Amino acid sequence: MNRPKLLILLIPAAAFISLVVFFISRLPRPAPAVTSSPPSRPKADQALPDTVNPPSSLQILVDQIAVFKTNDSTLTPPSFDIPLQIPSE
Amino acid sequence: MLPLLIASLFTLGSDYRASYQQYLLARNQYQQYQTESTRLTAIDKVKRVLKSRNDWQLEYLKTLRLTLASDTSIANYPQTTSYLTLEDEIIALERFTSDFNSVSSLSQAQNFSRSWEDRYSRTQTLVSQTRNQIIKARLANFQNQLAPYIDAASPSSTLDLAIQKLKLVSSSEPSLAHQLLLDAAKLLAL
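Chains as they are written, first to last, in the working numbering: chain S, 231 to 319; chain G, 21 to 210.
Treat the hints as calculated values from the structure; they're not laboratory data. Just so you know, not all the hints are guaranteed correct.
Stated by the list, open to error - Using 30 angstroms as the maximum straight-line C-alpha spacing, the simulated DSSO-like pairs for lysine-lysine come out as follows:
| # | chain 1 | residue 1 | chain 2 | residue 2 |
| --- | --- | --- | --- | --- |
| 1 | G | K206 | G | K187 |
| 2 | G | K82 | S | K299 |
| 3 | G | K71 | S | K235 |
| 4 | G | K185 | G | K206 |
| 5 | G | K206 | S | K299 |
| 6 | G | K82 | G | K67 |
| 7 | S | K299 | G | K67 |
| 8 | G | K82 | G | K71 |
To be verified - Short derived list, chain S residues pointing at chain G, Cβ under 7 angstroms:
| # | residue |
| --- | --- |
| 9 | L288 |
| 10 | Q289 |
| 11 | I295 |
| 12 | A296 |
| 13 | V297 |
| 14 | T300 |
| 15 | T304 |
| 16 | L305 |
| 17 | P307 |
| 18 | P308 |
| 19 | F310 |
| 20 | I312 |
| 21 | P313 |
| 22 | L314 |
| 23 | I316 |
| 24 | P317 |
Said to hold, decoys possible - Some chain G residues close to chain S (C-beta under 10 angstroms, calculated; not the full set):
| # | residue |
| --- | --- |
| 25 | I26 |
| 26 | Q51 |
| 27 | V66 |
| 28 | L81 |
| 29 | T83 |
| 30 | L126 |
| 31 | R134 |
| 32 | T150 |
| 33 | L202 |
Owing to the predicted nature of the structure, the values given are computational and were not obtained by experimental measurement. The C-beta atom is built at its ideal place from N, Cα and C for all residues, glycine as well.
Just chain G, same shape as in the assembly (with noise of 0.2 angstroms):
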C-alpha cells in the first residue's frame, strides 16, 4: 500500500509541475490579450493547476498519516493528536477538491486559492511535526533492538558510556538522537 503512494506522490507531483507551466502560460496570454478566448482558457487552467496542487497534498497527508500508523503504532497521545489532525486535514482537502471542480470565474478561483493557500501554511506545522513523531520512532524501534546486547554485556566502562548515550537518545532532536544511537552502537559492537 505504502509504495503504491509513493508512486503516485511520484505522478501527481509531475503532474502539478505540468499543469502550473500551462496555467503560467495561459495567465499570461490573458493579461496580455484579455479575450474573452484568453480568459475561459486562463479558467480552464487556473483549475487543473488547483486540483493537482490539491491532489498532491491530499495524497501526501495520506502517505503521511499511513506512515505515522504503520511506524508509530499511534501509541502516545501526541502521536494520537497528529493522527487525528491530519485526519482533519485530509477531509477539509477533499472538501477542496468539489470546490475547485465549480470553478466558473477568475475570482472565485482566487477565493478558494487563498482560503487553500491559508489552510496549506498550518498545515506545514503538522507536518513537520508528523515527520519528526515517525522518524523518532524509527530511532526508537532501533534502540529497542539495542536493548538485548545491553543486557547481555559484561559490566564495563564502554558499558556505560552506551548507556548514558542512549538515555538522551528519547530527549535529543533527530540527528542528534541518531548519532547517539550509532555512537552506542558502535561501543557494544566493540
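Chain S with its partners taken away, still in its complex shape (with noise of 0.2 angstroms):
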C-alpha cells in the first residue's frame, strides 16, 4: 500500500529533476575570457600614411618649445648682500 504512494510522489519527482538538468545544461556557456585586440580607433586618429616628418615627432616639437623656460633657473646668478659694511678698526 505504501510502494504505489511512493511511485506517486518519486515518479513526478524524477521528471522535475530531468527536466531541470536538461534545461540547466541547454544554457549558455560564459563566453571565454577576452584577449581580443584594443578596439579600432576612429578614422581620424589613425596614423596617416608615412610622410617624411610624422606629425608627432612635431608635436614632440612642439611640447618640447612649450615648456621651455626663457628664464633658466640654472642660470640665474648669485645675489650678494652688498655692500659688506665692513667696520673700521
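Take each chain as given, in its own frame, and dock them per the hints.
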C-alpha cells in the first residue's frame, strides 16, 4: 500500500529533476576571457600614411618648445648683500 | 660635469648665506664691545664671508662659461668675446682667493671687499649678455629642428605665416623669440 504512494511521489519528482538538468545543460556557457586587440581607433585618429616627417614627432617638438623656459633657473646668478659694510678699526 | 657644477653652486650658496649671518653677528659684537677678542673674531668672519662670496661667484662664472661652450659651440664673434671675457673674470676671481686668505686686518678686508664689489658690478652686464646668448642658442636649436617640417609642408597661407614668424625669431629678445617660435611650431602642427 505504501509502495504505489511512494511511486506517485517519486515519478513526478524524477521527471522534474530531469527537466531541470535538461534546461541547465541547454543554458548558454559563459564566453571565454577576452584577449582580443583593443578596439580600432576612429578613422580620424589613425596614423596617416608615411610622410617625410611624422606628425607625432612634430607634436613632441611643439611640446618641447612650449615647456622651454627663457628664465632657466640654473643660469640665475648668485645674489649678494652688497656692500658688506665692514667696520673700521 | 654640468650637473655637478650646479649641485656645487647650491652648496656654495648655502655656505655664503651661513657665513654672512656669522659675519653680521661678529660685526655687531665688535661694534658693540670693541675688544681685541671681538675684533679678531670679526676679522675671521669677514675673511670667511669674502671667501665664500668669491667661491660662489667663481663657480657660477665657471658654470656659465661651460654652458656657453656646450650650448652655443662658441660659433660667432659675440659668443667668443663672452667666453674670453668670462675666462678673464674667472682668473681675476681666482687671484682674489689668495688675497682673502692673507687678510689680517679689517681695513685690509675693506679694501679687498671694495675692489671685489667694483668688479662684481661690472661683471653683471657680461653675465646678462652671456645668459641671453645661451637662451638664444637654445631657441635657434629649436628653430633648426623645425626646418625639415617647413621643407616637407605643402604651400599654404598657414605655412607662409609660420615662415614669417620664424624669420623674426633671431632678431627678437628671448621671451618674444620663444613666443614666435611656439606660434610657428603650432601652425606647422595644424
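Each hint tested on the structure:
1. K206(G) with K187(G): Cα-Cα ~15 angstroms, so holds.
2. K82(G) with K299(S): The given pair, whose Cα atoms are some 21 angstroms apart, holds under the 30 angstroms limit.
3. K71(G) with K235(S): 114 angstroms, violated
4. K185(G) with K206(G): 11 angstroms, holds
5. K206(G) with K299(S): 17 angstroms, holds
6. K82(G) with K67(G): This hinted pair holds, its Cα atoms lying about 22 angstroms apart.
7. K299(S) with K67(G): 37 angstroms, violated
8. K82(G) with K71(G): Judged against 30 angstroms, a Cα distance of about 16 angstroms means the pair holds.
9. L288: 5 angstroms, holds
10. Q289: 6 angstroms, holds
11. I295: 5 angstroms, holds
12. A296: Since the shortest Cβ distance to chain G is 6 angstroms, the answer is holds.
13. V297: 10 angstroms, violated
14. T300: Hint holds; T300(S) Cβ to chain G Cβ min 4 angstroms, cut 7 angstroms.
15. T304: 5 angstroms, holds
16. L305: The hint holds - L305(S) has a Cβ within 7 angstroms of chain G, the shortest such distance being about 5 angstroms.
17. P307: Holds. Min distance 5 angstroms.
18. P308: For P308(S), the interface hint holds, since the closest Cβ of chain G sits about 5 angstroms away, which is under 7 angstroms.
19. F310: 6 angstroms, holds
20. I312: 5 angstroms, holds
21. P313: Hint on P313(S): holds, closest Cβ of chain G at ~6 angstroms, below 7 angstroms.
22. L314: 5 angstroms, holds
23. I316: 5 angstroms, holds
24. P317: Holds, because the Cβ-Cβ distance from P317(S) to chain G comes to roughly 6 angstroms (cut-off 7 angstroms).
25. I26: This interface hint holds because 5 angstroms falls under the 10 angstroms limit.
26. Q51: 6 angstroms, holds
27. V66: 6 angstroms, holds
28. L81: L81(G) check passes; min Cβ-Cβ to chain S is 9 angstroms, inside 10 angstroms.
29. T83: 8 angstroms, holds
30. L126: L126(G) check passes; min Cβ-Cβ to chain S is 5 angstroms, inside 10 angstroms.
31. R134: 7 angstroms, holds
32. T150: 8 angstroms, holds
33. L202: The hint holds - L202(G) has a Cβ within 10 angstroms of chain S, the shortest such distance being about 5 angstroms.
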